[in-house]
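Novice: Each chain, letter by letter, is given below.
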Amino acid sequence: MKNFFSVADVDDLSALVKEALALKATPNAHRTLGQHKMLGLVFLNPSLRTRLSTQKAAMNLGMDVMVMNMDKDGWALETRDGVVMDGTTVEHIREAAAVMGTYCDILGLRSFPGLKDRKEDYSEDLFNKFSTYCKKPLISLESATRHPLQSLTDLITILENTTVASKPKVVLTWAPHVKALPQAVPNSFAEWMCKAQQQGLVDFTITHPEGYELDEHFTKGATIITNQQEALKNADFVYVKNWSSYQEYGKILITGRDWMPTPEKLKATNKAKIMHCLPVRRDLELASALLDGPDSLVIQEAGNRVWAAQVVLKRILSNL
Amino acid sequence: MKNFFSVADVDDLSALVKEALALKATPNAHRTLGQHKMLGLVFLNPSLRTRLSTQKAAMNLGMDVMVMNMDKDGWALETRDGVVMDGTTVEHIREAAAVMGTYCDILGLRSFPGLKDRKEDYSEDLFNKFSTYCKKPLISLESATRHPLQSLTDLITILENTTVASKPKVVLTWAPHVKALPQAVPNSFAEWMCKAQQQGLVDFTITHPEGYELDEHFTKGATIITNQQEALKNADFVYVKNWSSYQEYGKILITGRDWMPTPEKLKATNKAKIMHCLPVRRDLELASALLDGPDSLVIQEAGNRVWAAQVVLKRILSNL
Amino acid sequence: MKNFFSVADVDDLSALVKEALALKATPNAHRTLGQHKMLGLVFLNPSLRTRLSTQKAAMNLGMDVMVMNMDKDGWALETRDGVVMDGTTVEHIREAAAVMGTYCDILGLRSFPGLKDRKEDYSEDLFNKFSTYCKKPLISLESATRHPLQSLTDLITILENTTVASKPKVVLTWAPHVKALPQAVPNSFAEWMCKAQQQGLVDFTITHPEGYELDEHFTKGATIITNQQEALKNADFVYVKNWSSYQEYGKILITGRDWMPTPEKLKATNKAKIMHCLPVRRDLELASALLDGPDSLVIQEAGNRVWAAQVVLKRILSNL
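Same order as they appear, the protein sequences are chains A, B and C. Just so we're aligned, residue 28 is where the first sequence starts under my numbering, counting upward by one. Just so we're aligned, residue 28 is where the second sequence starts under my numbering, counting upward by one. Just so we're aligned, residue 28 is where the third sequence starts under my numbering, counting upward by one.
To be clear, the hints were calculated from the coordinates, so they are not data collected in a lab. Treat each hint with caution, since some may be false.
The list makes no distinction among identical chains, and a pair is therefore deemed to hold if it is satisfied within one copy or across any two copies.
The calculated lysine-lysine pairs, modelled on DSS-like cross-linking and capped at a C-alpha distance of 27 Å, are [stated by the list, open to error]:
1. Lys143 / Lys99
2. Lys51 / Lys162
3. Lys206 / Lys278
4. Lys29 / Lys206
5. Lys247 / Lys278
6. Lys194 / Lys45
Fair warning: this is a prediction, and the values are worked out from it, not measured in the lab.
Whenever a hint applies, use it, and build me the whole structure from the sequences.
Specialist: As structure tokens, then:
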């Protein structure tokens with residue numbers, strides 16, 4: 028593995044999950060692999076789980092880690108080419124990325140979308156430029172359109188909890204929110220589950236209100252239904268997530284809690300396990316009775332972020 | 028030791044201080060004890076001494092450390108139960124604490140009081156919830172009502188500097204300030220000194236203007252006088268600290284510098300050593316002539332923060 | 028070496044550069060030198076290169092590192108003596124520096140000038156007080172008037188790229204900017220190059236518009252010309268940098284891009300290499316055609332920051 032930006036960077040999903048679970052069993056078995064190697068974590072936006080789990084994963088592999096809160100402790104970045112920099116941006120991504128590349132063996136980058144210009148966000152311009160100019164292996168800590176470490180965690184957690192003999196039915200359901208959120212988590216979850224479905228690991232269904240269709244690029248092969256109750260039928264895993272509209276880009280189209288998963292709605296499932304990437308708005312996105320109930324996997328899922336990051340770092344380190 | 032939240036987590040104060048001073052003599056003697064153990068330091072408020080001394084203590088024990096400035100680099104926390112999270116808080120403490128617990132072996136938490144609702148602050152709701160949900164040993168880096176690592180440092184410094192054959196007389200005196208400060212430091216110092224008095228280590232007196240009485244819960248056994256000059260008589264240690272009123276909660280009742288300790292006032296003491304937890308407002312809380320004079324212990328006291336943190340971490344690590 | 032604040036802390040520049048380049052060849056050869064030693068990096072202003080390169084340098088030497096963003100995570104500092112601290116500053120530099128000194132074996136400090144009161148800035152009051160009160164070796168991570176780690180990097184990069192048999196001609200040229208910038212980088216570069224000229228390593232020329240004369244203290248021995256094109260003639264290295272006026276302190280005297288180095292202007296040079304300390308305003312301070320061209324050294328120069336910091340830390344550690 029050279030970079031980790033999307034599911035396209037992985038061939039055999041099952042093998043990757045097995046390797047991650049082996050690391051979970053013996054976290055310190057590879058403490059020399061990363062020795063004298065530097066991981067740089069660059070944040071343009073807030074982070075709790077990604078920040079801590081990736082640091083811990085790197086330390087488990089013996090790496091040194093430096094965290095750079097670029098938005099607060101560094102300089103405002105310019106990403107456009109060919110502009111005269113006489114405004115408020117202080118440093119161009121060309122130099123910033125190249126310099127961080129000279130200090131680090133592997134880099135991680137988090138950068139949220141603006142949610143104003145779909146074409147710009149979906150070009151992944153910032154992420155691609157950073158990757159080009161840093162000249163080092165780059166791990167997405169969530170980009171404008173994807174959050175692959177989250178999706179890998181989700182897959183690890185699903186396979187770890189799959190007790191049915193047949194393939195589990197996984198349902199991604201849209202849920203309400205008061206803020207306009209990116210599509211990165213659902214896009215990424217969808218492309219990982221579609222590939223997992225291709226590789227015979229899961230059956231994958233997406234349900235959302237009309238107008239919340241994701242970019243088709245991410246959902247090929249998924250069953251897509253706008254009737255939430257129908258979609259939930261016989262589900263083994265229910266993945267709850269809000270996102271803003273892709274069609275009417277960045278907009279909130281419906282308010283109210285009609286789409287919030289509740290114990291009542293979940294009765295149609297096969298005693299489904301509940302998943303969410305966190306942070307979650309209690310009793311808005313998801314009923315607290317489900318979050319705090321015996322079928323909630325959200326903490327285990329967040330805990331698995333360490334092993335997702337560690338297996339990715341391990342593969343990239345092995346390839347340096 | 029499982030948690031470190033108040034003096035109630037310690038039995039024999041003298042033994043704890045002796046162990047801390049042994050660490051001061053040989054800081055690196057236990058570098059393997061914390062190997063492959065993760066300390067997470069979670070700050071909801073600014074910190075200098077606590078931040079650095081606790082990191083250093085952990086490194087002296089061979090631990091890995093991650094620092095999380097939750098207020099700046101993470102998400103706004105919700106602490107109330109049963110609310111629909113459709114406002115400005117992004118993540119509930121239930122999930123935030125549980126997730127950090129999965130990444131860390133020991134956690135530290137700093138959270139100041141709001142100073143508006145006494146009942147809420149004194150319930151230590153946030154700290155208690157964090158402790159419950161993180162499911163890991165938790166160290167207070169200063170909570171709404173206590174600052175036990177500071178108090179342990181203070182006791183270490185007092186015993187380290189006790190040259191009198193009899194028990195030293197320790198006086199906590201209120202001092203002026205322009206901002207309304209929490210009662211955490213004086214509460215905590217009082218409960219540690221009251222216990223130290225019970226265990227025959229010190230004689231303890233508190234002096235403050237009328238209206239500045241601390242919660243009786245923390246001051247049982249202390250001599251309490253509102254005549255500062257009378258209180259200072261024959262003192263061996265004078266601990267200077269401002270706090271806002273507990274009775275008229277969070278209020279500043281008197282202004283002016285009448286209560287500021289000065290060389291003149293200190294003449295009544297037994298050549299008392301001067302202590303303060305820092306940061307200190309020079310020539311408002313405490314005369315600079317005392318701060319910079321030969322009897323000031325404030326830097327030594329701050330330096331001892333390392334050994335206070337290290338002995339607490341050592342005891343918790345030994346108990347994992 | 029005890030402190031690293033200016034070129035006066037170095038005797039033989041060539042020997043220092045050779046030692047730095049030896050570290051570049053074998054970065055991990057001294058991993059035990061810094062073992063159990065703590066470096067504290069204190070920032071009062073933003074930092075990218077200095078922050079990361081100094082951390083990495085310390086880790087290469089086996090040191091532990093703590094980073095303190097004093098402006099954000101700590102307390103507002105008072106630096107004046109003899110004032111009653113009843114305003115907005117929370118902690119005096121006397122205590123803050125002394126406390127950090129107790130936790131660290133070596134300290135680094137970054138503090139920009141206010142650019143309002145020249146006498147105050149050029150007194151280096153804050154830096155000198157911090158140095159006095161911390162009582163530990165102190166490294167400048169850029170002070171009000173100097174940036175010596177940058178200048179050492181620049182010298183390393185010049186000597187590393189010197190292929191001419193004779194001494195290279197080094198030209199520092201003023202360049203346009205929209206913000207008023209400190210004189211720290213050009214002051215420091217000038218005093219390092221003047222000393223390098225004395226030691227027979229380079230020929231040094233400065234060019235700037237009238238009114239942008241640097242403090243003569245830093246430029247003794249340099250050829251100073253206000254005709255940029257004349258200055259660039261036969262240059263081997265062109266060091267591009269904006270600064271605000273020293274005479275009309277902190278003011279921007281000219282606008283427009285007449286002084287921006289371009290490929291056309293560089294034709295007069297001896298195929299000069301282009302240098303800049305970064306961050307750089309593209310197509311305002313420096314034409315992007317030069318920045319992105321084959322003669323640009325800016326990334327190599329930034330990369331060498333690690334070896335500059337590492338050789339300074341190594342010398343100070345050897346002297347502890």
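Novice: So which hints don't hold here, by number, going up?
Specialist: 4
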